[in-house]
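Asker: The residues making up each chain are set out below.
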Amino acid sequence: MKLTGIAIREMVRRPKGLILATLATVVATAAVVANETTFISAGDTMRKLMLQLGHNFLIVPKDSPYDRFWAADFGDQTMPEAYLDSLAAHPEIEALRYVAMLNRRVEVDGVRTVLTGVRFKLGAFGLAAKKKPTPGGFADFVIKRPDHAYLGADVARALRKDTSDTITIDGETFQVARVLKPEGTNDDLRIYIDLGRAQQMYHKARGSAPPPEPQINGLVAFGCVCPVRGQFTPLSYIQNRLEEFFEAEAKKSGQPTPDVIAFRSMFEARAESRLMTQSVGRAVAGALLVLCGLALALYMYRSVSERRYEIALLTALGYRPAPILVSVIAKALLIALVGGAGGLLVGTWVAVAAGPHIATVKAIAPQWQRLWPVPLVLAAGIGVAASLVAVLVVVRVDPADQLRNR
Amino acid sequence: MIDVKDLTKRYRVKGQTVEALSGVSVQFPDGTYAGVTGPSGSGKSTLLFSLAGLVKPTAGAVTIDGQSVYDLPAGGRARLRAERIGFVFQMFYLVPYLTVAENVAVALGAGPGGKTSADRVGAVLERVGLTHRLNHKPGQLSSGEQQRVALARAVITQPRMILADEPTGNLDPDLAAQLLDYLDEFHRDGLTIILATHDQKAAERATQRVTLQAGRLVEAEPDKRE
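So the sequences go chain by chain: G and F.
In terms of my numbering, the first sequence is residues 1 to 406.
In terms of my numbering, the second sequence is residues 1 to 226.
If you are wondering where the hints come from, they were derived from the structure by calculation, not from laboratory data.
Glycine included, C-beta positions come from ideal geometry on N, C-alpha and C.
Hints are not guaranteed to be accurate.
To be verified - With a Cα cut of at most 30 Å, we get these calculated DSSO-like pairs of lysine-lysine:
{"#": "1", "chain 1": "G", "residue 1": "K2", "chain 2": "F", "residue 2": "K201"}
{"#": "2", "chain 1": "F", "residue 1": "K137", "chain 2": "G", "residue 2": "K16"}
{"#": "3", "chain 1": "G", "residue 1": "K252", "chain 2": "G", "residue 2": "K62"}
{"#": "4", "chain 1": "G", "residue 1": "K144", "chain 2": "G", "residue 2": "K204"}
{"#": "5", "chain 1": "F", "residue 1": "K56", "chain 2": "G", "residue 2": "K2"}
Said to hold, decoys possible - Every beta carbon over 10 Å from chain F, so not counted as near; a handful from chain G, in silico:
{"#": "6", "residue": "G43"}
{"#": "7", "residue": "V290"}
{"#": "8", "residue": "V393"}
With these hints in hand, go ahead and build the complete structure from the sequences.
Answerer: Structure below.
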């Protein structure tokens, strides 16, 4: 009879401890697998979603104080409105929609606000995706008439205006066509009007003649992608393409190259929240792995400390120390690997069943191919670590002391 | 020939030094039946374990057939035990979850190739009268039967010597006599037997008497066969 046979018989003899140690490994590795499966799968879903959503960019004239416009207005910097159409015709970059804007700080009935002239254009990508403008939201409305004004929620409240009321801005009268839903952003303090009308008012207020080319001081591109790449487009890639594009456009128009600013999209917010949940999941799984290691170490410790005389006997019978130690480590490894394999199955099942609720995605796909080494390597590590205590016990067994008469 | 020369073993117990063996020199010729006697704590077990390479002496040497046991590496000493030494203990030390046949076969696992021979196991168990207990667990056996299993385990590797440490200590007189008969039988087959015992009757069967007291050799009769 070999050591392997003895070890197997010993494990079978103590099924309770064996089952508990294996279950501990299953639970710990399943937690890891469930967490990773959920978030890999959720990440894939998000990337697919990203293909539909893309990144958001704001293009402003060079050195515009756009980040502090409430304090510093927008300055005198403008850029040609034609950028909107040429960007929409870009051969590589596609977007859901574009909005050209001309922003100016105004005061209406004692309320300081921003008058924003807007022109909306549906991008090729938006057309292909059949994304139609929907009511509500900064990018989703079209000013249908030059005498229409859309009021941000805070402005409407401050001016006590509602739909069908009229307001006077710089001596010009507008009908309130819609009061927008609160967004919780500075957009709630804007008054939106038709871009052409805003351009006329802009120059009238400044006492300057309108330039031959209509000007804007902001251009927003929502949901930009570069579908030629055939997959999720990194933000930096699109930003580079946009910067190259505007550099060329600026050269043509003889104006400074505008700044291309990426701004936070819903995707990024969700991705951030997803990463946070994943980190919490990893911490929990890590704690479970430690507990599992302790459970396995305890089982291994008990299994050798109660068998000190057997180890002494094997030494007296002529077994070399190394195979005895190897048999102890191999036993821990075997339990851990069986647990790891179980953890892969259980973790995947848990992820598929519960993952959609945790990661708020429709479905979680199993990740066997990507994840199978993870629980096995973790389990093997736990097995070896857990066997160290047992190995120390074995090494310290003094056969003469154990076997002498008592 | 086993040659023990100036063997000294000191232990540290709770900060104090205990001398288990003190300059013991004795020779055990091949084929001897040595009875090592002495009161408890006289060093009998320590001497036996020293002979098997399990207790590294503080001073002195153990030589078996000209080979210094403690000059061998741990693996070499393990091989020596696997091939040339059989052990019998007072507490039997059978593995409780293995059958009688498996307990005997355990000794074969340490040998070269580690192959288990069912025939050899069967033959040796037949010799100690336990063929009918082949598939029983130790817990199902009487103490006499358990010690015979231990004896079978000691001889299955066809060793040159059996080191028996108080093998009759847990047996009633009849079973003790029966076990000693088996030892006599193996001795007649040519095995060297070194028996550590309190039992004077057991010691009387030996052809060589060695008496220890407080770790010192107080009497060493030569082998009567010489």
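Asker: Would you mind marking each hint as holding or not holding in the structure?
Answerer: Status of the hints after comparison with the structure:
{"no.": "1", "hint": "G/K2 / F/K201", "verdict": "violated (38 Å)"}
{"no.": "2", "hint": "F/K137 / G/K16", "verdict": "holds (21 Å)"}
{"no.": "3", "hint": "G/K252 / G/K62", "verdict": "holds (16 Å)"}
{"no.": "4", "hint": "G/K144 / G/K204", "verdict": "holds (22 Å)"}
{"no.": "5", "hint": "F/K56 / G/K2", "verdict": "holds (27 Å)"}
{"no.": "6", "hint": "G43", "verdict": "holds (49 Å)"}
{"no.": "7", "hint": "V290", "verdict": "holds (31 Å)"}
{"no.": "8", "hint": "V393", "verdict": "holds (18 Å)"}
Checked against the numbered hints above, the structure violates only hint 1.
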